[in-house]
Amino acid sequence: MYLTYLQYCLPGSPFYEQRDVEGQESHFSLHRAELPEGWVRDVRPEWIMYSRADLTMPWQGWKIHVTATAGNAEQLLDRVSQYCFERRVPFKALAGLSMLSQRNSKYADRGGSGKFITLYPPTNEALGTALRELDALIGGNEGPTILSDLRYHEGPLYVRYGAFVSRRITDESGRQIECVEDPDGKLVPDERRPGFHPPDWAELPEVLRESLRARDGRRLADFPYSVSRALHFSNGGGVYLAERQDSPGRKILLKEARPHCGLDESGRDAIARLDTERAALTDLAGLPGVPAVDAYVDGVEHKFLGREYIEGRSLIDLALERNPFISQDGSLSPETYAKWIADVIGQVTRTVARMHERGWIFGDLHPGNIVVDEAERVHFIDFESASQDLEGYRQTMGVFGYRAPTGYQGRAVDRYALGCMRIGLLLPMTRLLSLGAERATDLSRAAAERFGVGEEYFEGVAEQLAPSGEVSETGSGSAAGSAFRGVAAAADAGVPLPAEPVAAVAVSAPSAEDAFAVDHLAGALRAWRSPEREDRLYPGDIRQFLQPGGGLGLAYGATGVLWALHRCGGEVDPEDLDWLRRRVHTAEDIPVGFHCGLAGIAYAVQEWDPELAAYCQERAVRSAESVRDLSLGSGLSGLGAHLLDTGELAAAGRLAARLTDLLPPQQDRIAAGLVDGAAGIAVFALRAAVALGNPEYRRLAERLLDLEVTRFGFASGASPVTAAFPAFGTGIGSGALGLGLGLHDHVRLTGDHRFAEPLRRIITLAQRTTAAHNGLMNGRLGLIQMLLAIAPEEPASQAAVRRALEEAAWHTTPLGPHRIALGDEALKLSLDLGTGLAGLVVAAAAARDARCALPLWEGPR
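Per UniProt numbering, the sequence shown runs over residues 1 to 861.
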């Protein structure tokens, strides 16, 4: 999801934004040119479509993709578009070079990688004509391979069978799936997985048979490795566990690189980076923790680097498992864990210093690129960002939270990451360092208190976080006295923000406590509302743009912000309410569910606009007849739970009856979690069982809760550490904390204690954990609400709530006269209920009142 957020981080805005599609100077020249007579242009954020009113495009068929590089894209688009205009072939093309680079970047979706232009020939005969004529026109030009397609001759033409016009179905978890129609008229998924996999019923056109034979004839000859399994895939290639053919049993890590794919910010592709990795490993051979190179070989159009396979586990996984403030394992005390981390970082620091002595920067240092073996020795992996430019190197790839800010060059890049590791492996919130060096002070002080570390642990951190300084072999710098004096010195040195930071304006800001006040929320809303926009009223999460009606709903839209304001005693502006009414009445395809749909809007506005509430509820009930989405967040379970809350038992009963009809036979295919998954469906089923007196619904709920308990790792006898990451990473929305709310429902509604043990384990985890995100749906604000709903009287809960509010203050930053909260992924600011300032204000009020304020769990109002 993090990579999706990056697409909405536009320069110059402190908030997540959609890309403005009109009149961008970065568009290819075709998209700004006058069109031939009869052609129309449909401008969208990523693609620009060209069609004619006198041409009827089939629903589906064999389509042509043209691939390109940054160097030949404009030329290919000119030639292909001219051909299409002359031959009357509808087509679409990416908007500009930035879109092409995104499509071909390292972590882009492999299913869409390489697709630059798409042509829609209406018949198989037209397909054959277009392929032959285009091949004569542009054949042999370079471009990335399109993994889902069949290449025609030497490219850059590729073909696959698929939809020409978007048709979708919604699965049981509310996900929209692109479809094609089978011979029986049934919509089935339009598969875009790697490999050429046309539907069985789609006859291969004659023009493609030679290309299919050529593809099947390409085989590796004299390849020295046999692959046993894939470990990881990115758009740049795969990583595999392999063995040497001539040495069975000898494990090799095999890295694959695809040409023109996996681009970094400098435009280097995966093959260029694999060349760098081979050179770095060769030069650094013999250093502690540097794997040995085995061979560098050619595959079919790809390159492969074989190197020593390291038996061990990544440092990030071990830290999540062992950190006593994250994991429910509890086998390590805070002091013991900190001692282990200090030893690990000491090893990393010494090896990095020796790399620098040999003339190499590692370039992408973070806990995911460190493997720890059974003997607790550290090993470095992934040298593809390494560089020999010790003074001028600038990072072109990196993990947010460990990536050096803009302006850091050469060895300072590695030093910055070392400082982040020293803080982040205790408190994994180093993304907050983008807000300024005072966050290093906050995090270091809290880490010292929780882990019992002394000032010697933080010595040198100030120098590492600053643009200049030296890394010593021991990891200790020259800072004297208090650990925090050294960290604070980074603020005086003016530690800069990373590239495209949150655009905060540091003025005389209110205190963090004031940021929790409803008056502060109201002021921020007045300052940042956008009533002229149709997509949203208040800036919030990217889900405002990804979901139908996303800017309207309770979790991420205007409704949730207005509800938060009203619930905490503020006044709802009539103009804002008018905007919401107008958009709800005019917007199409608003889901029916609770967090992201009509039911949640009805719930939120019923006290101050009963007419709008009634409209939303009636519209949702009418729409529900054709809805297959069962989720609480956007589907039938969310609507059903709301209807039970309002006493509409007959309508709720009809929805409950549909659960058994729509649930897939293999229920483990249902997504996990409260909002989009099985736990949320169980909440509605159980509440329906109690309200309607139907034991079948209770049995259904218990089956779903059993499923969730097992896959979150809370089943009897399961290792407790297996549940650590879901709770740490995804809170109540899709993580273990949301499951806790579902289990709590079962206990309070039935009096049955069959789920008492997993519920107690989840409560214990919530009382100890440190969340990665801040929001209500996916972070510590939801943790607060969950503990107030389930175990508010326990001293451990009260302490956890106080700690979470302190941490929540760290996620705020000045913006004009207000403090605004960072949204999910901490890349931009947010005002919404699910991820931003509105959720923070509600959580603070709930903590003050010692009473849960989470919709559906807040009790009588």
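The set of hints was computed from the structure by calculation and includes no laboratory data. A hint or two may mislead.
[Unchecked claim] Across the chosen pairs, the derived CB separations fall in these ranges:
id, residue 1, residue 2, range
1, 197, 42, 26 to 34 Å
2, 665, 37, 52 to 60 Å
3, 266, 793, 30 to 38 Å
4, 223, 445, 24 to 32 Å
[To be verified] Within a straight-line C-alpha distance of at most 25 Å, the following computed DSS-like cross-link-like pairs (lysine-lysine) qualify:
id, residue 1, residue 2
5, 186, 251
6, 63, 251
7, 106, 92
8, 303, 106
9, 339, 303
Idealized CB from N, CA, C, for every residue including glycine.
Quick rundown of the hints versus the structure:
At about 29 Å, the CB distance of residue 197 to residue 42 agrees with the hint of 26 to 34 Å. Between residue 665 and residue 37 the beta carbons are some 55 Å apart, a value that agrees with the proposed interval 52 to 60 Å. At roughly 56 Å, the beta-carbon separation of residue 266 and residue 793 lies outside the given 30 to 38 Å, and the hint is violated. Restraint check, residue 223 to residue 445: a C-beta distance of roughly 55 Å breaks the suggested window 24 to 32 Å.
A hinted pair counts as satisfied when its Cα atoms are at most 25 Å apart, and residue 186 with residue 251 does not qualify at roughly 47 Å. Straight-line distance between C-alpha atoms of residue 63 and residue 251 comes to about 42 Å, which puts the hinted pair past the 25 Å bound. Only pairs whose Cα atoms come within 25 Å are accepted, and residue 106 paired with residue 92 is accepted, the gap being roughly 24 Å. Between residue 303 and residue 106 the CA atoms are separated by roughly 16 Å; this keeps the pair inside 25 Å, and the hint holds.
For the hint linking residue 339 to residue 303, the alpha-carbon distance of about 41 Å lies beyond 25 Å, and the restraint is violated.
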